[in-house]
Amino acid sequence: MRKNLGILGLLVAVFVLTAALEPNFLTAYNLQNTLRWTGLFGIISIGAAFVIITGGIDLSTGSVIALVGVLTPMMLVGAEWPLALVLLMVVALLLVLGLLHGILVTKLSLQPFVVTLCGLLFYRGLARWISGDQTQGFGAAFEGLRQLAIGRIVITDSFGLPIPFVVMVGLALIAGAVLNYTVWGRYMLALGHSEEAARYSGINTDRMIILAYIIAVMTAGLGGLLFALDVNSVQPAVHGNFYELYAIAAAVLGGCSLRGGEGSILGVVIGAAVLRLLYNAINILGISTQLEFAIIGAVILIGVIADEFVRRVTSSRQVHRAA
Amino acid sequence: MIPEPPGYAPAVSPAPFLEVHRLTKRFPGTLALSGVDLRVHPGEVIAVIGENGAGKSTLMKILAGVLAADEGAIELDGQAAQLASVRQATDLGIALIHQELSLLVNLSVAANLFLGREPNKAGWMDKSRMHTDSVRLLEKVGLNIDPGNPVSTLTIGQRQLVEVARALAMDARLLIMDEPTSSLSAQEVDTLFGVIGELKAKDVAVLYVSHRLTEVEAIADRVVVLRDGEVTGRLTGREIVRRKMVRCMVGRDIARTHTRMKRKPGEVVLNVDRLQYGVGRHSSLSFSIRAGEIVGLAGLVGSGRSTLLRTLFGIESRTGGTIWMNGQAVRPGSPQNAIAAGMGLVPEDRASQGILLNMETRPNISLGALHRHLIWKGWLNRPWERQASRTMISQLGIRGVRDGKLARLLSGGNQQKVVLGKWLLLAPKVLLLDEPTRGIDLAAKREIYQVIEELAGRGMAIMLASSEMEELLALAERVLVMHQWGMAGELAADELSEESIMHLATGHKARA
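One line per chain: the protein sequences are A and B, in this order.
So for the first sequence, our numbering puts the first residue at 13; every next one is plus one.
So for the second sequence, our numbering puts the first residue at 70; every next one is plus one.
What the hints contain is simulated information worked out from the structure, not anything from laboratory work.
Just so you know, these numbers come straight off a predicted model, no measurement behind them.
In this text, a Cβ means the ideal position worked out from N, Cα and C, and glycines have one as well.
Be a bit skeptical, because a hint or two may be false.
If we take Cβ atoms under 8 Å as the criterion, some of the chain A residues that face chain B in the derived model are [as the list claims (entries may be wrong)]: (1) Phe150; (2) Arg198; (3) His205; (4) Arg211; (5) Ser213; (6) Gly214.
Put together the whole structure using the sequences plus the hints.
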């Protein structure tokens, strides 16, 4: 928990500052929206965090989102397959993709960056080709299913918790439990610190790494389904573009080290919230949206520098105490 | 701590080239050098000796600009000098000839000799000058080869001499040689010594790091002995004899204070039958170990000792043969199989293989045994983990630790105890130890010896690979000696001596 105080402070600071500058920020509608997007991006960030914790990286997230976003409406609406079959197909596809990433990284010792970069290119191309670059959507059908993305759990007359946010909280609880209370989570953290030492301790490191890539693709797929249901018009060429970078940024902001071995799910979720809040603040405060990336980039950089600074101070203190 | 004698100066030249004062270097968990003084005069050959982890390599690396010292001063020709980079050190006349050769094997000899300082005309390489200069340099070191040949066509000995020639090309005034003869034939060693003699005559000083005491006797003007980062002996002229060097190096006290316990070996636990390992090697070896036995494994660098242990443990694949544990064949291919069969390995390289430096002590200790104590499915048993970690910390005497402390902040000895604790929680039947006390202070060493004895006393079979003779002689009941990836022989308790081990390790046949 203490590790997450910094990022939590940043969240509160951006929140308070924006609220002070623009009272409209606190309207139920705006808060709901921000929560919904936090939920959507939080889901894919949690998956990205698992791969990062093992010392890898997944760049294919955005393209997986596009592929799922294109395939699901095509199968449901276009081919009129039953919902259960479609979901089964999607899950099977995601399993295969995750397994493929993991096997290429472990058994062939390819670099994660390269494997998932190729995934990014390949799945995007596939999504555009299958759909003929035509915008896909559910039309007016599947209102019930779409509630998963656009629905909310009503709390007061004007405010309700968006379903994606609730889904994300559930996923975060499961992910947090896996990471901190199961042997698999412990193994992932350990091999993230040193794959060699983990192998010498008898851990099946290959299996754990493959598992991490499967988790990342599965959450990207879940996110992809929700994003598609949310926008209801999936443009194959641009849907999900750059989302892998948001996911990685949220994980890093939340305390994951790209060197592996470190990270907390709560931190990642807060990281995703900070990113969405910044995006929202830029819009609502009337800052030129052209500056969006610049501001987000600057905040991440400052956050990471501050984090590194704190780490150095505390670790040198520990060394002194040890001496 | 033995200070540099104030009055000492050889007849050759009065002013020292290099002076080092109170050099200290810390690594996380170890004090590699502690207040080392050293003076080197032009034309002197100074041997630096000591056991593994004594700090020799650290000292050499600091002088060559590879590492920076934490404390202390370095003077060259009486002037304070900064050796912040290899470039700076070579510019000042100090050249390191590294243990692992640093030549680029795909490039030609000439290209290697002038790497980074290629003779050029307005940026264009002057190949003909490079060629003639190379021939001249190679002659100096007694090499009669075409400088246009790629380095990959040379023998290891020739490569070593090319490295010397390269140092000469940089007008080095001090050559640092780190184990230069470890892979040379007797004839090549003679050539190298001839070259060193000529260098002396030209007032080039040589710092000669070696384990081979006979060579040191032959070539050194002075000897500096390091142990655990401190200078424990300085020998000059006629004092340079093996017996004195060994006493300074090992400090007889460990062996003397360590008392061997009487044990009765039990059943055969590990039986290795015609094991073949290592790509392109054709040796096949067989041996067995009984419960409660401590079996030493000796062999020079490159004898395949560590690879053998890694193969037994399933990290490296074997190409033939069978490993039996309690009469059951161990499935090859992964450490998990070896562990399930009852093996454990404390690996050679503690920092990268043994311990997770950036993890806390507790998860480090519990890492191997976690899966045997789950509450349900994959769920960790945290109370068990806390308890197990505490037990190991007190049982092994891991000091100065709360179990939440990062492993990197522990001393080397305590880190090694953490690695031992990790295996003890799995209660292996056979524990393979690869250089278990490398780079560890004497007190911790003694404690680890005690632990090893106790484990054997409780019936664990122990295989102890070590390049420290003292360690093998103090602990092992018998010693298997390896040479070139095969078994050169076995020495029983009454045959054990430093000489008998070295005799086999250097490739001589066992005495009848």
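Against the structure, the hints:
{"no.": "1", "hint": "Phe150", "result": "37 Å, violated"}
{"no.": "2", "hint": "Arg198", "result": "6 Å, holds"}
{"no.": "3", "hint": "His205", "result": "4 Å, holds"}
{"no.": "4", "hint": "Arg211", "result": "6 Å, holds"}
{"no.": "5", "hint": "Ser213", "result": "5 Å, holds"}
{"no.": "6", "hint": "Gly214", "result": "4 Å, holds"}
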